[in-house]
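Q: Chains as they are written, first to last, in this note's numbering: chain A, 443 to 837; chain B, 443 to 837; chain C, 443 to 837.
Do not rely on the hints blindly, as some may be mistaken.
When chains are identical, the list treats them as one kind, so a pair holds in a single copy or across two.
[Stated by the list, open to error] Straight-line Cα separation of at most 25 Å, SDA-like style, residue types lysine to any residue; simulated pairs: (1) LYS788 to SER753; (2) LYS739 to ALA459; (3) LYS739 to THR584.
Keep in mind the hints are simulated off the structure, nothing from the lab.
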Amino acid sequence: NAGRPRIVSADKAFDVALRTRFHIDYGNWFPDSGISADLPDGFNVRRAFFGIAGTVYRDWAFEFTLDASSSRGTSTRLQAANIAYTGVPGWRFEIGLMQPPFTLDDATGSNDIPFIERSAITNTITNIVASESRAAVGVRKTGSNYMVAAYLTGDQAAISPVGGDDQLAAIGRGAFLVHSAQNQEVAIGASVGTVITPRQGTGPGAARPYLFADRPENRIGGGTLLVSGGTLDLEDYTVWGGDIGASFNNFWAAAEYYAQDVETRDSPATVADEGADLSFEGYYVSLGYILTGEHRKYNIGTGGWAGVVPSAPFNSQGGIGAWELAVRYSVNDLQDPDYVTPLEGKQTVWTFGVNWYVNAAIRFMLNYQMIDIERPAPLVDADADAIIGRLQFQF
Amino acid sequence: NAGRPRIVSADKAFDVALRTRFHIDYGNWFPDSGISADLPDGFNVRRAFFGIAGTVYRDWAFEFTLDASSSRGTSTRLQAANIAYTGVPGWRFEIGLMQPPFTLDDATGSNDIPFIERSAITNTITNIVASESRAAVGVRKTGSNYMVAAYLTGDQAAISPVGGDDQLAAIGRGAFLVHSAQNQEVAIGASVGTVITPRQGTGPGAARPYLFADRPENRIGGGTLLVSGGTLDLEDYTVWGGDIGASFNNFWAAAEYYAQDVETRDSPATVADEGADLSFEGYYVSLGYILTGEHRKYNIGTGGWAGVVPSAPFNSQGGIGAWELAVRYSVNDLQDPDYVTPLEGKQTVWTFGVNWYVNAAIRFMLNYQMIDIERPAPLVDADADAIIGRLQFQF
Amino acid sequence: NAGRPRIVSADKAFDVALRTRFHIDYGNWFPDSGISADLPDGFNVRRAFFGIAGTVYRDWAFEFTLDASSSRGTSTRLQAANIAYTGVPGWRFEIGLMQPPFTLDDATGSNDIPFIERSAITNTITNIVASESRAAVGVRKTGSNYMVAAYLTGDQAAISPVGGDDQLAAIGRGAFLVHSAQNQEVAIGASVGTVITPRQGTGPGAARPYLFADRPENRIGGGTLLVSGGTLDLEDYTVWGGDIGASFNNFWAAAEYYAQDVETRDSPATVADEGADLSFEGYYVSLGYILTGEHRKYNIGTGGWAGVVPSAPFNSQGGIGAWELAVRYSVNDLQDPDYVTPLEGKQTVWTFGVNWYVNAAIRFMLNYQMIDIERPAPLVDADADAIIGRLQFQF
Chain A
443 NAGRPRIVSA DKAFDVALRT RFHIDYGNWF PDSGISADLP DGFNVRRAFF
493 GIAGTVYRDW AFEFTLDASS SRGTSTRLQA ANIAYTGVPG WRFEIGLMQP
543 PFTLDDATGS NDIPFIERSA ITNTITNIVA SESRAAVGVR KTGSNYMVAA
593 YLTGDQAAIS PVGGDDQLAA IGRGAFLVHS AQNQEVAIGA SVGTVITPRQ
643 GTGPGAARPY LFADRPENRI GGGTLLVSGG TLDLEDYTVW GGDIGASFNN
693 FWAAAEYYAQ DVETRDSPAT VADEGADLSF EGYYVSLGYI LTGEHRKYNI
743 GTGGWAGVVP SAPFNSQGGI GAWELAVRYS VNDLQDPDYV TPLEGKQTVW
793 TFGVNWYVNA AIRFMLNYQM IDIERPAPLV DADADAIIGR LQFQF
Chain B
443 NAGRPRIVSA DKAFDVALRT RFHIDYGNWF PDSGISADLP DGFNVRRAFF
493 GIAGTVYRDW AFEFTLDASS SRGTSTRLQA ANIAYTGVPG WRFEIGLMQP
543 PFTLDDATGS NDIPFIERSA ITNTITNIVA SESRAAVGVR KTGSNYMVAA
593 YLTGDQAAIS PVGGDDQLAA IGRGAFLVHS AQNQEVAIGA SVGTVITPRQ
643 GTGPGAARPY LFADRPENRI GGGTLLVSGG TLDLEDYTVW GGDIGASFNN
693 FWAAAEYYAQ DVETRDSPAT VADEGADLSF EGYYVSLGYI LTGEHRKYNI
743 GTGGWAGVVP SAPFNSQGGI GAWELAVRYS VNDLQDPDYV TPLEGKQTVW
793 TFGVNWYVNA AIRFMLNYQM IDIERPAPLV DADADAIIGR LQFQF
Chain C
443 NAGRPRIVSA DKAFDVALRT RFHIDYGNWF PDSGISADLP DGFNVRRAFF
493 GIAGTVYRDW AFEFTLDASS SRGTSTRLQA ANIAYTGVPG WRFEIGLMQP
543 PFTLDDATGS NDIPFIERSA ITNTITNIVA SESRAAVGVR KTGSNYMVAA
593 YLTGDQAAIS PVGGDDQLAA IGRGAFLVHS AQNQEVAIGA SVGTVITPRQ
643 GTGPGAARPY LFADRPENRI GGGTLLVSGG TLDLEDYTVW GGDIGASFNN
693 FWAAAEYYAQ DVETRDSPAT VADEGADLSF EGYYVSLGYI LTGEHRKYNI
743 GTGGWAGVVP SAPFNSQGGI GAWELAVRYS VNDLQDPDYV TPLEGKQTVW
793 TFGVNWYVNA AIRFMLNYQM IDIERPAPLV DADADAIIGR LQFQF
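Turn these sequences into a full structure, and let the hints steer you where they fit.
A: Structure representation (structure tokens):
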């Protein structure tokens with residue numbers, strides 16, 4: 443909390459901090475083959491958060507955040523508005539609009555993720571049941587070496603249009619620290635989610651449209667979708683999978699795998715079989731090395747990675763900040779033999795990253811991506827490279 | 443001001459506080475008969491305020507507030523931006539975008555209203571001449587047992603589209619404390635408003651469209667309009683009425699009545715008689731009882747109700763907060779014999795409420811509504827029930 | 443920084459201030475001849491800024507600002523999000539979304555400009571290469587009697603839609619204090635800008651549309667465009683010009699001139715000659731006199747005017763604030779013999795202004811405008827008067 447402007451009452455019953463976060467990216471695309479879409483080069487306002495968070499009346503935490511990043515800064519939405527009762531030690535009862543804990547990648551704050559974008563598979567599944575700004579109520583229990591959480595979730599604020607009835611879903615996640623020592627952690631986790639009542643359009647018999655996809659870990663130009671499971675009329679949805687994170691001194695590694703079972707409701711034109719039961723899967727493996735020796739800590743309280751704090755911040759007195767190298771291999775497989783949409787395919791992305799942590803408030807990131815799309819005939823495969831830089835400021 | 447983050451200069455000439463307010467609702471509809479519209483269930487972001495208010499240079503108050511609640515948090519508008527000169531004791535000269543004082547219900551802050559929504563009649567009339575974010579200039583004089591206010595008002599920011607010429611209206615309100623003792627107040631008030639120059643569309647001879655209606659004290663699903671006086675081409679408009687508020691220890695009661703005279707300009711298709719002079723009226727009666735013994739104070743300085751502050755906030759040390767029961771009978775009668783729009787009707791709503799004041803910052807509300815619409819033949823009557831819960835956080 | 447809420451760490455390494463700015467205008471048009479557009483009367487939310495700015499880790503400045511003024515307060519955009527390294531004395535290395543230094547008028551903050559709107563010529567040219575919310579990276583060097591700045595600029599956040607590739611441009615500005623004494627400054631400046639890569643629409647062979655125009659120094663009713671160089675398909679663009687500012691005690695004067703060379707790409711219907719090389723120019727001269735004796739200082743650090751700070755703020759203790767009279771003659775000539783768009787013309791505006799500085803936070807402004815449009819036959823000339831008042835609050 444060093445650099446965060448705070449107002450604290452004498453008895454610590456009130457402790458309120460202003461929060462700011464902006465992530466501004468600049469990128470270029472190098473399409474190679476099979477890409478018909480225009481991939482625009484330029485800058486993107488990825489996040490522009492302004493808000494307030496803290497504690498009131500000792501036992502109540504709150505968070506309120508606006509995000510001015512929509513359409514490159516054109517529009518401001520509500521990113522978070524929630525309260526939590528923390529009066530029972532180890533327990534956290536939360537309600538409001540929030541980002542409920544789900545997967546390792548999503549449990550890591552966007553200020554702390556080692557790559558400019560999270561993995562496509564974790565975005566694909568959290569978008570259905572757990573992403574930010576989501577109406578949710580739940581409980582989290584943490585101990586010295588575990589966290590378990592269960593939440594009922596509804597729709598997302600801001601992103602979902604007002605229309606028919608809201609979705610109702612349930613998610614759970616547990617993470618367990620299986621090894622812990624000075625600058626060493628190994629943790630495993632599991633996440634499961636299911637849609638109890640699908641979101642429904644307006645009017646009787648309306649469709650329940652769900653999109654299974656995520657952009658190729660790149661939002662330059664607004665974010666082009668290169669591969670997609672299409673928009674399906676949902677009957678049932680379940681996702682499950684696991685994660686592992688390990689950190690030894692200045693080296694860290696992570697991996698996650700998720701399988702999705704998607705049962706469609708009836709016979710939309712894009713599905714070969716009425717009530718088809720489709721299966722999608724995805725995973726990633728990532729490695730990181732911090733040249734300047736800092737340790738990236740696994741935070742069992744959130745079930746996610748903490749950020750890198752440079753031991754010698756860059757400034758006019760001579761520090762050089764922290765420097766991190768990272769690589770990720772990521773697969774999002776949105777194919778199924780029962781499935782005939784012309785959009786389907788399997789996306790593979792290699793991302794190579796360099797991160798410069800100037801100080802605890804400022805980070806510059808550079809990612810080089812090699813994107814590869816495999817599609818079943820008669821579709822053609824596609825591939826492209828991309829380079830993205832990020833300016834990050836937060837407190 | 444206990445829980446409000448403030449920055450105060452040593453000589454008190456500057457005193458600035460951060461302000462946050464979020465009201466997040468979740469509701470279900472139970473339509474019974476005569477309702478053809480889809481009434482979507484789910485959550486709603488009713489208010490999401492973030493701003494700053496205070497005093498600068500000793501004699502000048504200011505208020506600046508954003509509201510991120512539009513379309514469930516998709517968009518952020520300007521809710522208030524005004525200054526007031528308070529250098530003459532008892533007087534307040536205000537200019538800017540504000541919610542000018544009009545009616546008892548509207549003079550009660552949204553954090554303090556006993557029901558999730560204000561009465562339909564007060565919303566209907568303030569929407570024409572006095573609702574929030576309105577360009578206004580005026581003066582308020584307060585004494586120990588009265589307040590009187592007179593304002594010139596223009597259009598609303600954010601809500602009115604930029605187009606033709608703005609409306610100009612005048613409003614006045616007085617409130618008088620006729621009885622006052624320890625934990626006892628009885629006050630009566632009167633409000634009057636008139637449109638001097640109606641809002642006009644773009645181009646010569648453009649219409650002056652005004653909608654006389656309000657939702658059935660329920661905004662779940664974006665807010666369905668069940669009854670309406672229709673969109674009229676306005677020539678003249680006057681509204682007048684009175685209010686009474688009484689509070690004895692932990693019991694309170696309130697009532698308001700307003701009559702509207704609406705003269706239409708010429709012969710739109712929805713009006714039987716050119717230049718018809720239509721009359722609408724509405725009223726409500728409400729009662730409340732605070733189980734835990736707190737007093738809901740009538741604040742003569744604003745001419746509205748203050749909130750309930752729990753004497754024992756709920757926390758891990760054992761308080762249970764404050765609990766309030768409330769009931770309201772509300773009528774919005776938008777019928778007139780001279781009037782042939784197919785939308786007209788009379789809306790009656792019974793609302794039963796339970797409010798839990800956790801502490802001065804957090805309130806949970808639960809309302810059950812029985813909504814009844816009477817319409818002249820050949821239209822059919824309609825009725826529906828609804829349940830709404832609210833999470834409220836503010837400081 | 444007197445009235446600005448700040449949070450400062452003991453060692454001054456962190457110094458963060460909340461920032462608010464609202465400019466609310468009310469205006470009436472008096473069209474005389476040749477104006478076919480409806481010119482709506484009413485209020486306008488010209489600026490509604492809320493943000494935070496300051497220093498972190500001693501050497502890093504930052505700025506983050508939202509603006510809720512779009513469409514009279516309907517929508518909130520990102521106005522600024524940038525950081526600057528200030529660890530080398532006299533140098534400022536900046537990156538992010540910002541208003542890079544360009545022209546004298548634009549280098550003067552909107553709280554400090556002597557008229558309600560900046561001159562049409564400076565708006566026209568900064569809109570192409572340097573206006574606020576623009577992705578930019580650059581460096582500024584300041585000394586006791588000079589400032590020089592060079593920036594690479596991209597597109598604007600919020601305003602430019604996401605689409606094809608972004609623009610890349612380069613700008614430079616220098617300002618030099620040629621005379622300086624107690625309450626006396628004379629400074630000259632020069633600005634030059636060029637578009638390196640024009641903004642491009644989506645898809646191969648897409649147009650590069652650029653609009654050369656600005657409203658008649660009046661945004662009431664959303665801001666009507668009375669004269670325009672039209673939307674041109676750009677090949678090359680260069681702008682250059684100079685400025686002079688002089689202030690002696692309570693009298694000040696300023697002038698700027700800019701010439702634009704616009705080479706079109708090929709043969710759009712609005713241009714007579716394929717690849718036409720068009721020339722536009724504009725200038726203004728302004729004078730001011732402060733009746734209450736205050737000095738309007740030229741700030742060489744920013745290369746712009748500082749504001750007027752009243753020596754006796756208006757309050758209940760008897761000050762009257764500061765009163766300033768100002769006049770400006772402004773020309774924006776968007777005609778060229780090679781050019782056949784029916785929109786072209788030459789706009790001349792006389793503006794007479796009175797400013798009341800209540801205190802360092804509050805200013806009221808009143809401008810009377812006489813607007814004159816000359817157009818080549820067969821177009822007709824046009825003229826109109828307008829009156830605008832402004833309520834300004836900031837800290």
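Q: The structure should be examined with respect to each hint, and the outcome stated for every one.
A: Structure-based check of each hint:
1. LYS788 to SER753: Neither: 41 Å inside a chain and 60 Å across chains, both beyond 25 Å.
2. LYS739 to ALA459: For LYS739 and ALA459, only the intra-copy Cα distance (24 Å) is at most 25 Å; the inter-copy one is 32 Å.
3. LYS739 to THR584: Within one copy only: 17 Å inside a chain, 42 Å across chains, cut-off 25 Å.
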